[in-house]
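Generate coordinates for the entire structure from the input sequences, incorporating the hints supplied.
These are the residues of each chain, in order.
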Amino acid sequence: MAKVGVYVCHCGTNIAGVIDVEAVRAHAETLPEVAVARKDLFMCSDSGQEMIKQDIRDGLVDRVVVAACTPRTHEPIFRAALEAGGLNKYLFEMANIRDQDSWVHANDPEGATAKAKKLMASAVGKAARLQPLEDKFVDVTKAALVIGGGVGGIFSALELADMGYPTYLVEKEPSIGGVMAMLDKTFPTNDCSACILTPVMVDAGNHPNVKLMTYSEVEDVDGYIGNFTVKVRRKQTYIDWQKCTGCGACAEACPVRTTNEFNQGMDKRPAAYIHFPQAVPKKAVVDMEHCINCAGRKLGQEPKISKKTGKPMLAPCELACPADAINRSLPLDPQGRIEEIKVGSIVVATGFQVMDKGWFKEMAPEHPNVITALQLERLISATGPTGGNLYMPSTADKKPKTMTFVSCMGSRDEKFHTYCSRVCCMYMIKQARLLKEKYPHMNIYMHFIDVRTAGKDYDEYYVGARKMGVNILKGKVGGLQIIDDHRLRVLAYDMEAGTPVEYESDLVVLATAIELPESAKKLAQTLGLQFCGSNFFKELHPKLGPVETSTRGIFLAGCCQGPKDIPDTVSQAKGAAGAAAVPLAQGKVKIEPILSEVITELCSGCGICVPLCPYDAITLKIHAEKPRAEIDITQCKGCGVCTSACPSAAIVLHGYEDEQIYAQIAALTA
Amino acid sequence: MEKYGLYLGCNIPFKAPDIEQSFRKIFPALGVEVEDLEGASCCPAWGTAPSFDLDLWCAISGRNLSLAEDKSVDLMTGCNSCFGVLSEAKHFLHDGQRRKRVNEKLGVINRQYKGSSDVYHVAHVLHQKIGLEKIKEKLVYSLEGLKVTVQPGCHTLWPSDVYHVKEKNPFYPTMLKELTEALGASAPHYSRLEACCGMGGMRSTDVEKSLGLFKEKLLSIKEEIDPDLIVTTCSSCYLQFDMSQPQLRERGEIDFEIPVFYYTQVLALAMGFDPSQVASVSKTQRDGIIKEIQSEKRKTDKTQA
Amino acid sequence: MENLKLQSEKINTAVSTIIGLGGTGILQCVQCGACSAVCPGVRAGFPVLCRLLIRKILDGQLDEIIEDSSSWGCQACNRCTEVCPQGVRPQEVVFAFRRYQAGELAVSTSTTTSQMNMYEVGHAVFTDAQELRQQVGLPAKAPTSAYNETAQKEIQTLLNNSSMAELGLF
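Residue numbers (my numbering), protein chains in the order written: chain A, 1 to 670; chain B, 1 to 305; chain C, 1 to 170.
It is possible that part of the hints are untrue.
What the hints assert, rightly or not - In the EDC-like style, the derived pairs of lysine to aspartate or glutamate whose C-alpha atoms are separated by at most 16 Å in a straight line are:
1. K168(B) with E366(A)
2. K3(B) with D36(B)
3. K141(C) with E167(B)
4. K172(A) with E339(A)
5. K361(A) with D161(B)
6. K361(A) with E167(B)
These aren't lab readings, by the way, just hints derived from the structure by calculation.
Bear in mind that the values here come from a model prediction, so they are computed numbers and not experimental data.
Spelled out as structure tokens, the structure:
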């Protein structure tokens, strides 16, 4: 009979504060399969682990149960202890008496203790029947994929490329650069966003190990850590990028004017356009949704012949292109094409969007002089629609005399997002400082619930704004009244004076919340990513696994994991790159043997399991002239669907075998 | 014919019965039947039961709502406060335990709150049920060329989560503006459109503070629009505008008075009804503008209603 | 100004009193001030409303402000509720505080008249307008509780069976 050792953990007061640990330990001693039962303040500490190792070495135990926190974080630790003690590490079972017991039943110590006994006994039942298993290893594709070409994605890609790994950088827009490329200057040093970002974009464009895939989206991901197969949709650009020189002649010729997303809708762009002047790659695309097919040039048709001149009638963009990169006669597929790439690890850096002002009904969202902070960035940027001159949007050339900044629009608000967007206080202060420098006579009023400046040199930057004469008020703005097409009345509150405040303002800037865009939600399904409570991508562990995800081989960087500023994004991006390089450097990845296996002799070849497998891991192969199911271990995730569906009971899921599960059920229902 | 239970409240039947009469004239003419809710009481007003006992508030509102429920009609009120109080009470009565307690109270007087009748404001019925086109069809006089300030009042706007008829944006309401424009008048925007008039609990607690708030709003109206008349769909706002303008004028704080009407009074006038019945009780001088509205030159080609 | 002496017992009593009287969201308040930015009462000069009223209650100052008339300057417009980012529903806190005041009879005389009217005729605002009604062509008696004894009895029964009855206002 197996000799099971049971080790019950106090987890400080996490468990012992609710559960009677000694009672659980004593109960273990009454179970026939248990050889030793011990407890410790922290089983995961050096002394706790040593206790297990010593019992193994002394030959007291040959199966181990730890009743403690959660296998999510601690299973690997105890498995390693078994291995160090000289026991197969899969002869281990964990009873989760913290996350699933003491934490959820904190008000019922007696019930929690009774439940802990059952959970422990069930783990003992299973452990006694565990079989030793061996890890399997497969080779790794030594290449990486970074999804998202903002500042985070660019730095992740450059790090991986510098380490010598070929790295694909996929960006949905025509150029890399992301939101940072839209910013004017950056806090707390006021360096120009373009000046510090553009060279890095160029580096990414020129790096021999970086393959830029812009105007592209990840459509499907298959495989597992070390061996992902990724389908990337290269969207149709309608312009031959092999030939395009980025001269912009097509954009100048195009007569269409449609919303310019890069300028946050503050001006118009043509249908044939270059994303922005510093774009990398600097290539033009045609936005076919807004193209008006000048000269009747429908795609894939020969041009009409002019009756006057007898020459073919071409569209202005075709005529303008000196590189012959536009040919509308070609039957270009609007769907673009799919390119399949193989990589060993993936960094997701898909970034964020800011909320639209339309959500904030009390803030006169229809008024032209109510704008989001990102719109203001474009209005003060040298590359923006006004060349960096701040004009009231309701006019073509008038500067605001009085300006208002409103914080926490959609952040810290149960109607929208309960979290703090983290960067708004600082970027508003930055905008106010830049404007005060440029226009010293402008009145600037800033309204905060409170000013949050946690970061290196941040508070000094904020106090500096006060010294410059920026008016800072604590208290949330309650609404705006529309005076006329140009002016608004601000209804605010001065928390310190305890009095309501009202004044007229020419321009109101809303610091709208950072959130995950809809498109990222689709990507999450493709990649199997989870969401946190704030609807960002969820990291493996908030402290110890900040760049990892629950899917091995997929890592996170930047605002897709939660709101953060540029310094934090770059830090996380470099961290994610380091973590993503680990499997590539190891060259092989371990596959846990918790996998399903077909006992060929029992298989009837019915094939029921084949379509049921969510990972397409099962095929029918011919054995002794008969079809028999076979499982590809590199695809199998050990979910057990095939095992439970097999009518011949011919599929074993190692680590979850029938008699192990029956023993668990018996213990739980005893 | 669509039918509503007409809930009168207090202000309208006892202080401005000409408003009540205007309801009784215009709704049948626009194809809506109004049925009296006999024995209806105060909603109860904010300063009464709501300020003393939450369950009692719900019980008195519940009784009023049950009068409509017994007749299987939705309830319609011309008073913003009543609309707010009754809607909030319905909201509180979603809580099953409160509902049980309140129905126990109502059981003593052989009544029960079922929750089967909705609460509408007169403006909602006009705007959403009857519709602007139908209103336009029935006009005998056009208000073209007249400048009107609209005063929607507070209690149909907030809290939007308890009202089942909502403005698209409760901070910049448009229903009354559209209703007024349907009469042919212009109803320009002014900055303090949604601001409080100062009536209500505030006025009974401190009349000076109430007048301060009112004056701020009135001056904004005068400076930004300088209208021919003010139109409201709130009976409390109506009373504040009607009594406070002469008050401020007597004190020399203002040197003007703008005629003020409840919306259905102007509508009734435009539909050709007798002003001595539908618009005859006021402190501000309205005779001139009434004559202007019902003048020959404003006649549309429609026959009198 | 005297120091404010914070006492946990007073704070707990104040908060639980207000929650019990219907101000259930009070502990969600983060003191952002949006409510007071738009409150017509605060604008008109009733300072202890919305944000400041909540602050005083959270400081346990229930008895210190019991005679303050600010709460009766609340217009019940609920604009505070509409703009509150934390779902406090500040108006419910104001009304809970009013109920606390009313329970201690800290109410104005104008308030007591309304309660008497309510008890007698079922209307807070009532003037005998029979003549005026006839002038505009309406029946002299409005079809409300004002002239309906059964209805008045019902209202009186409801009032008698409530906490208001103990206050001796009618």
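To see whether the hints hold, each was checked on the structure:
no.	hint	result
1	K168(B) with E366(A)	holds (12 Å)
2	K3(B) with D36(B)	holds (11 Å)
3	K141(C) with E167(B)	violated (35 Å)
4	K172(A) with E339(A)	holds (14 Å)
5	K361(A) with D161(B)	holds (14 Å)
6	K361(A) with E167(B)	holds (11 Å)
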